Amino acid sequence: AQSVTQLGSHVSVSEGALVLLRCNYSSSVPPYLFWYVQYPNQGLQLLLKYTTGATLVKGINGFEAEFKKSETSFHLTKPSAHMSDAAEYFCAVGETSGSRLTFGEGTQLTVNP
Amino acid sequence: DVKVTQSSRYLVKRTGEKVFLECVQDMDHENMFWYRQDPGLGLRLIYFSYDVKMKEKGDIPEGYSVSREKKERFSLILESASTNQTSMYLCASSSLSSGAMYEQYFGPGTRLTVT
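Line order of the protein sequences matches chains A and B.
For what it's worth, the numbering used here labels the leading residue of the first sequence as 23, then goes sequentially.
For what it's worth, the numbering used here labels the leading residue of the second sequence as 500, then goes sequentially.
Isolated chain B (complex conformation) (with noise of 0.2 Å):
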């Protein structure tokens, strides 16, 4: 089974604290990704990795950053913690074989408050 973790399920945070969110994947995927989700938005993709050292921005990048210095592992950083950035955060992997590809699989994720 694969198995996608993250650090925390829960978390608050206060305004302008720095932010690590951490994703753990089993799998030996490829490619990770991190969203945050919101009513009525669904999944907005902030960053993703297809291979370690290296990261693409997705559509809502700004106020983030991430970091892959091993394949398993991906990391979010919210910089200075904004009161907007209150979510759901979701870490998914992926493989880059081409019967699987596109098939993410995710972790529980890390309902974050910023107070």
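For reference, chain A alone in the conformation it holds in the complex (with noise of 0.2 Å):
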């Protein structure tokens, strides 16, 4: 089975300041990849998704995630962060057989003014 970690269960950074939201993941075949965001008091929401061709991708909100097969990551990141960034954000891996995705634990973003 595939699994995924996310470094920090928060992160904190102020208005402005760079995103920064880190994936590594285990599989034993080329993975497909995904971010995912939740607002309060919603359901999950996609952000971008990796299966093959460039390596960068670029999802909605100005954030884009980079897949390095080297180092088995796909770090989540943006420029700049606003106010209305503030959500805790999933990282998730497709199963190799079925239509599964196993998902990180969550990482709580924190966006000071």
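Hint data in this document are derived by calculation from the structure and do not stem from the laboratory.
Just so you know, these numbers come straight off a predicted model, no measurement behind them.
There could be a bad hint or two in this list.
Said to hold, decoys possible - One-sided excerpt, in silico: chain B residues whose CB lies under 7 Å from chain A: (1) 542; (2) 560; (3) 589; (4) 593; (5) 605; (6) 607; (7) 608.
Note that beta-carbon positions come from the ideal geometry of N, C-alpha and C, so glycine has one too.
Mind docking these for me? Both chains are given alone in their own frames, and the hints should help you get the complex.
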């Protein structure tokens, strides 16, 4: 089975600062990788995904992530944090068989004024 | 827009009660999933279904069952609710088409409290 590790359950940044949320995965085959965001009292919303092709993936709200096979990483970045980015972020990897996703434990992002 | 709806946003039940959580999707997706979300544990898969009347156990199926009689509807059943089942329950759906496989769409969640 795949596994996903998100480093840091809580990340705090100042408004306008770089956002970096870390995700490492284990997979025996080329993975499908996802980042989801969850705003308070809502379900999860897809931010971006990597399937094949370009390793730098752009998503909604100015976020992007880079697939690095050699590091088994898929870190999420945004150049300049906004107050509205405060939310919980989940990294996920697709299982090798079937349509399941395995999720990381989540990272709560706080943006300080 | 894909829409996944869940029957209740908040639910309070007593220990021992039978609880039904309903989920409906409107995009003709083959796959449907039930997760529970707890602080520090992320999302854990309870059950999933890839077709009508088909179901597969996820990582934490104990104490739960599911029903899928129609393609658009997937129900989670707590046969005898216990306090350790107090949690946020999330439903999701996805298509089997190769371009969209794995991409799951989520409902708003049901926060269940068992007292």
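Hints and how they fare:
1. Taking 7 Å as the C-beta cut-off, the interface hint given for residue 542 (chain B) holds, the closest approach to chain A being about 4 Å.
2. For residue 560 (chain B), the interface hint is violated, the least distance from its beta-carbon to any beta-carbon of chain A being 13 Å, above 7 Å.
3. The closest approach between the C-beta of residue 589 (chain B) and any C-beta of chain A is roughly 6 Å, which is under the 7 Å cut-off, so the hint is satisfied.
4. Proximity of residue 593 (chain B) to chain A holds as hinted, the smallest CB-CB distance being about 6 Å (cut-off 7 Å).
5. For residue 605 (chain B), the interface hint holds, the least distance from its beta-carbon to any beta-carbon of chain A being 4 Å, beneath 7 Å.
6. Because the closest C-beta pair between residue 607 (chain B) and chain A is about 5 Å apart, less than 7 Å, the hint holds.
7. For residue 608 (chain B), the shortest C-beta to C-beta distance to chain A is roughly 5 Å, which falls under 7 Å, so the interface hint holds.
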